[in-house]
Structures are given as structure tokens and as C-alpha cells.
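Peer 1: Sequence:
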Amino acid sequence: MAMLSKKVSYCFAILAVMTILTGTMSAKTRVTKQASGKTSEGTPVDLYSLENGKVEVRIMTYGGIVVSLRTPDRNGKLDDIVLGVDSVQKYEAQTAHFGGIVGRYANRIAHGTFQLDGKTYSIPKNDGDNALHGGTRGFDKVVWEGKQITDGVELTYVSKDGDQGFPGTLTTTVRYTLSGSALHIEYSATTDKDTVLNLTNHSYFNLAGQGKGDILGHVLEIDASRMTPVDATLIPTGELKSVEGTPFDFRKPHAIGERIDADDPQLKLGRGYDHNFVLDHPGKLAEAAEVYEPTTGRTLKVLTTEPGLQLYTGNFLDGSITGKEGRVYNRRFALCLETQHFPDSPNHPSFPTTELKSGQKFHSVTVYEFGSRSR
21 MAMLSKKVSY CFAILAVMTI LTGTMSAKTR VTKQASGKTS EGTPVDLYSL ENGKVEVRIM
81 TYGGIVVSLR TPDRNGKLDD IVLGVDSVQK YEAQTAHFGG IVGRYANRIA HGTFQLDGKT
141 YSIPKNDGDN ALHGGTRGFD KVVWEGKQIT DGVELTYVSK DGDQGFPGTL TTTVRYTLSG
201 SALHIEYSAT TDKDTVLNLT NHSYFNLAGQ GKGDILGHVL EIDASRMTPV DATLIPTGEL
261 KSVEGTPFDF RKPHAIGERI DADDPQLKLG RGYDHNFVLD HPGKLAEAAE VYEPTTGRTL
321 KVLTTEPGLQ LYTGNFLDGS ITGKEGRVYN RRFALCLETQ HFPDSPNHPS FPTTELKSGQ
381 KFHSVTVYEF GSRSR
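Residue numbers (the numbering used here): 21 to 395.
Just so you know, not all the hints are guaranteed correct.
[Said to hold, decoys possible] So the derived label-pair ranges between C-beta atoms look like this:
hint	residue 1	residue 2	range
1	E345	E264	41 to 49 Å
2	H383	E71	41 to 49 Å
3	E259	R279	17 to 25 Å
4	T133	Q380	21 to 29 Å
5	D284	S107	37 to 45 Å
6	T52	R395	34 to 42 Å
Calculated from the structure, these hints are not laboratory results. Each residue gets a CB set at the ideal place from its N, CA and C atoms; glycine is no exception.
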């Protein structure tokens, strides 16, 4: 009997090890690459697919765009939760910056000008009198060089000195990796001349599924005690304002639609939320925000090393864009959670600096972690 007991124990031990190994193997990310057409200039574009049995992500070398992101709801049903369009040519034509790597400077620069090392630089104005998301041909409008890596894809782009008016030849590398239920985005950059840099990803999320109604019922929490108020052109005034007692206080969970149309001057200027939040734990990888969609149970946590988070509630979507699967994107059909340095930082010395000096290396990490709740 003792011998039999030892054999049974041994078999259970082997089974346990095999179960662990099988679970580990099934969790490993499978990365595949395929051609995805050409740009209007004839440049080939590739599409990388990352799958691990939990989450499926597709990333295009044009713009480093997150083309689709499929995650399970509380019942295990997968659905695509990011907005986008159906072809490279449509991505070239759209101006919403769906899912792309935004740079050299994410968000706005006032009047399209800034000073650095005693010189004035001008960026093409593409948002009234301001420059937005790197000018008329930012990083989401160029083809990156892709390379398969463990669990993901590495994208590299060399922006030459003077590109869109920015100084310095800038080499930027962005790594997308899928681990478990989390998409990791790691940004690195070097320059041969002092410059300014602000990189982010511009994915539009709807946790109910892309094109499936507005996001006003999404419940949001943001780890920020302050925000940066804006003027009529959505440029920060320079103030770091407490969110206490305002519709911008998301330190406890609130439905996005609960206060979005409140009688608040800042909400009127942005036609909703289009504001930078000053995160309470900058510099280290920490949770910045969490979103919960009650009807599907899907959740999204955002972790970042960046000091700011831009909340944009799709206020300028107007039904003029027909997206994936023929779905029309109306106002507030998505939200963006753009991890970043503050808008217009080169013109606000009191803000965390966005200067990148020659010989230095920029490094930043953002993680989108997906899950679900039973109720």
C-alpha cells in the first residue's frame, strides 16, 4: 500500500508539472506577420498579429497603429474594443489619429512655435493656430520599420533633422509586447541635437465593442488630484488646478456621462473632456486610470511612467467616419487615455520638461491591462 501511495503521489506530481507547463505554453504569445497593402506613395505596409489565447492585438507598420484589439467580456466573448478603419488608404485619409504612435510631440503646441537653446522653431499648424500631434505629418502618418521580437513587435523610425520643423535627427523605437492580458508599450528615443519629445498611443477605446454606442456609461477612475485648465484653443493656461469639487475629480469612480455636460467652463471649452490630468505618482510605473463597462463587464487598467494622462471623450467624432465593419462613429463613441507629458510643455518652463538632449536616451513605459468583472 505504501508503494502504491508513492506511485500515486508521483503521478499527481507529474500531472501538476505538466499542467503548469501546458498553462505556460498556452500563455505564450504567438506573433505572425503579413502584408497589409501599400501607402498611396507605394510603400509596403506590414501587419503584425499578437495572440496568446486571452487577448488578440493587430499592429500595422503604418503609423504603428493598433488596428484591432480583441478582449473577452465577462462571458468570455471576444470583441474588438478599439476604433479604426479598414485599409491603409483610409488610415492615411482620416485625421482622428486612430490607434497610432503620436509624435514627435503629442498633443498641442501653442501657435506652433517654441524656443530651445535660444532658437525659435516653427511646427506646421494643423489645429487652428496651434500644432497638434506633431504637425501635418506626425509619427502616425509614416511607415515604421518592423521587427518581430519575443511576445511582440519592435518598430523603429528615424525622423530627420528639421522634420516638421523639429530640431535633431531623432531615432525612435517602440516595442509592443503582449503578456497575459496586458499590452505593454515601451518607448525609447535618442537624438543627435537637442530637441523636444512627447510620445503616446492614440487608441480610441469602447469596452462595449467598437462602434457599439457611446461611452457615457463607462465608469472611470483617474489617479490625479490636479489637472491643467485650458484656454479657448485648448492650450494649457499654465495653472495646475485641484480637481476637488469639480467634474474632473475621478479619484473615485464616476460614470463618464454623469457630469460631462455640467455647467463648467472647462467642459464647455472642450465640448466634454479633452484635458490633461496631473498624475499623483509620476516617474514610476503605477496605475493611472481604470475603466469599467457595466454591460459587458470589461475593464481596462492603464499604468504608466508618464506624468500626465489626457482624457478625450471623442467629442469631435461626428458621424462622418465610417469605421470597421461599416460602423459609423458618432460623437462620444470612444474615449482616449493618452499617457504623456503635458501639452505645450516647451512653452511652460514650470511643467515637467520634454527636452531631450543629444547623448541622452528617452525611455517611457505604458501598460494597458484588460480584464472583466462578473457584476
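Peer 1: All the hints need checking, so say for each whether the structure fits it.
Peer 2: Hint by hint, here is what the structure shows:
1. Between E345 and E264, the C-beta spacing of about 42 Å keeps the proposed range 41 to 49 Å intact.
2. For H383 and E71, the hinted distance range of 41 to 49 Å is not satisfied, since their beta carbons lie about 27 Å from each other.
3. For E259 and R279, the Cβ-Cβ distance of about 20 Å falls inside the hinted range of 17 to 25 Å, so the restraint holds.
4. The hinted window of 21 to 29 Å between T133 and Q380 holds, with their beta carbons roughly 23 Å apart.
5. The hinted window of 37 to 45 Å between D284 and S107 holds, with their beta carbons roughly 39 Å apart.
6. Between T52 and R395, the C-beta spacing of about 36 Å keeps the proposed range 34 to 42 Å intact.
Hint check: a violation occurs at hint 2 only; the rest are consistent with the structure.
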